[in-house]
Amino acid sequence: MIRALFIFILTVGLFQFSLAFGVSPDEMLDDPALEQRARNLSQELRCVVCQNQSIDDSDADLAKDLRVIVREQLLAGQSEAQIKSYLVDRYGEFILFRPKFSVHTLMLWIGPFVVLFLLLGGGIWFYRSRSKGVSALSDKEEQELSDILRVGSEEPK
Amino acid sequence: MRRFFFFAPIVLFIVLLAAMLWGLNSERDPGALPSTLIGKPTPEFSLPDLHTEETVGSSILTDGKPKIVNFFASWCIPCLAEHPLLFGLAKEQEIQIVGIAWKNKPDEAKAWLEKHGNPYRTTLYDLPGRTGIDWGVYGIPETFIIDGKGKVALRHAGPITPDILSKKLIPLLEGLQQ
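Residue numbers (my numbering), protein chains in the order written: chain Y, 1 to 157; chain R, 1 to 178.
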């Protein structure tokens, strides 16, 4: 019984997952090549309402409007770059899942590598300094040591 | 070097603490999008008037007096929450508010304004929502303050609260009106 229920839930879950697309059939373009370009582009564009979904996935009203705009502009012969800049003009670079490489996105792009570099560098430095072991005494230290030992071994006068 | 290793964890801890305090600040909305229009002229538009159906262009925003543009809709609950504040704002600040009913059928917008009162000097409607998209609207209500020359001075996304009104909108409006 429990097993049947489990299988049922799993099946329903998988089925729903396969339906989790925002694109509805009436939005789709007749030309399959152009439609594929629209799909690819939509997956690169963030839904500004639901922020962690692309407009291709999102069911939000505004995402639908933006999908329609993407398709209209593709039909009008606009390139992907032109459509992206149209949307960036309105919503800012936040709408791009892969923002352009520039000064204010520098930390976003190279930040993880900086952290990785620092950690690796720190790790290497740490292990090296540990494995070096105890260094030999300097001449001055040697002298001091023998002075102390001499004091201890000398007979009181 | 030894001194560096003694202080490094303390410095790291303070940096982390500052970052976390910044993250906990309840006035910061991580989902808020900055408007791309600040300091720029408003996008051109041409929309029908809700009551007269006459076409109104973006030139109504460039008559030399600052204005407020407020995107609303009858289906929008937070719009109802901020609605009473708009009356006081229009009256006390002597400012003209242009209302744009966004993705809203004109009949429904009209009925809503009749029921709750109309604080707008001019009310337009944008049924397809394209003007809103040109303005970077991503969820209404959204309020824009326009200076006398038709440039966007401020955008507030979300409902206006008494706090936002007195801290953000009114000081800016008073500055613009001087």
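Hints are supplied without guarantee of correctness; some may be wrong.
What the hints assert, rightly or not - Listed below are the simulated DSBU-like cross-link pairs for lysine-lysine, each with C-alpha atoms no more than 35 Å apart in a straight line: (1) R:LYS105 x Y:LYS64; (2) Y:LYS64 x R:LYS91; (3) R:LYS91 x R:LYS105; (4) R:LYS103 x R:LYS167; (5) Y:LYS100 x R:LYS105; (6) Y:LYS84 x R:LYS105; (7) R:LYS168 x R:LYS115; (8) R:LYS115 x R:LYS65; (9) R:LYS167 x R:LYS110; (10) R:LYS149 x Y:LYS64; (11) R:LYS168 x R:LYS149; (12) Y:LYS84 x R:LYS91; (13) R:LYS151 x Y:LYS140; (14) R:LYS91 x Y:LYS100; (15) R:LYS167 x R:LYS65; (16) Y:LYS84 x R:LYS40; (17) R:LYS40 x Y:LYS64; (18) R:LYS168 x R:LYS91; (19) R:LYS149 x Y:LYS84; (20) R:LYS115 x R:LYS167; (21) Y:LYS100 x R:LYS103; (22) Y:LYS64 x Y:LYS84; (23) R:LYS110 x Y:LYS100; (24) Y:LYS84 x R:LYS103; (25) R:LYS151 x Y:LYS100; (26) R:LYS110 x R:LYS149; (27) R:LYS110 x Y:LYS64; (28) R:LYS168 x R:LYS65; (29) Y:LYS84 x R:LYS168; (30) R:LYS151 x Y:LYS64; (31) R:LYS110 x R:LYS65; (32) Y:LYS100 x R:LYS115; (33) R:LYS105 x R:LYS167; (34) R:LYS168 x R:LYS40; (35) R:LYS151 x R:LYS91.
To be verified - Listed below are several chain R residues computed to face chain Y (Cβ distance under 8 Å; list not exhaustive): (36) ASP29; (37) GLY31; (38) ALA32; (39) PRO34; (40) THR36.
I should point out that these hints are in silico values taken from the structure, not numbers from a laboratory. Backbone N, C-alpha and C define an ideal beta-carbon position, used for all residues, glycine too.
Status of each hint after checking the structure:
no.	hint	verdict
1	R:LYS105 x Y:LYS64	18 Å, holds
2	Y:LYS64 x R:LYS91	38 Å, violated
3	R:LYS91 x R:LYS105	28 Å, holds
4	R:LYS103 x R:LYS167	30 Å, holds
5	Y:LYS100 x R:LYS105	38 Å, violated
6	Y:LYS84 x R:LYS105	30 Å, holds
7	R:LYS168 x R:LYS115	29 Å, holds
8	R:LYS115 x R:LYS65	29 Å, holds
9	R:LYS167 x R:LYS110	31 Å, holds
10	R:LYS149 x Y:LYS64	34 Å, holds
11	R:LYS168 x R:LYS149	20 Å, holds
12	Y:LYS84 x R:LYS91	42 Å, violated
13	R:LYS151 x Y:LYS140	76 Å, violated
14	R:LYS91 x Y:LYS100	45 Å, violated
15	R:LYS167 x R:LYS65	21 Å, holds
16	Y:LYS84 x R:LYS40	20 Å, holds
17	R:LYS40 x Y:LYS64	27 Å, holds
18	R:LYS168 x R:LYS91	17 Å, holds
19	R:LYS149 x Y:LYS84	29 Å, holds
20	R:LYS115 x R:LYS167	29 Å, holds
21	Y:LYS100 x R:LYS103	32 Å, holds
22	Y:LYS64 x Y:LYS84	16 Å, holds
23	R:LYS110 x Y:LYS100	43 Å, violated
24	Y:LYS84 x R:LYS103	23 Å, holds
25	R:LYS151 x Y:LYS100	27 Å, holds
26	R:LYS110 x R:LYS149	29 Å, holds
27	R:LYS110 x Y:LYS64	26 Å, holds
28	R:LYS168 x R:LYS65	19 Å, holds
29	Y:LYS84 x R:LYS168	32 Å, holds
30	R:LYS151 x Y:LYS64	29 Å, holds
31	R:LYS110 x R:LYS65	26 Å, holds
32	Y:LYS100 x R:LYS115	47 Å, violated
33	R:LYS105 x R:LYS167	34 Å, holds
34	R:LYS168 x R:LYS40	19 Å, holds
35	R:LYS151 x R:LYS91	23 Å, holds
36	ASP29	12 Å, violated
37	GLY31	6 Å, holds
38	ALA32	10 Å, violated
39	PRO34	6 Å, holds
40	THR36	5 Å, holds
In summary, the numbered hints that this structure violates are 2, 5, 12, 13, 14, 23, 32, 36 and 38.
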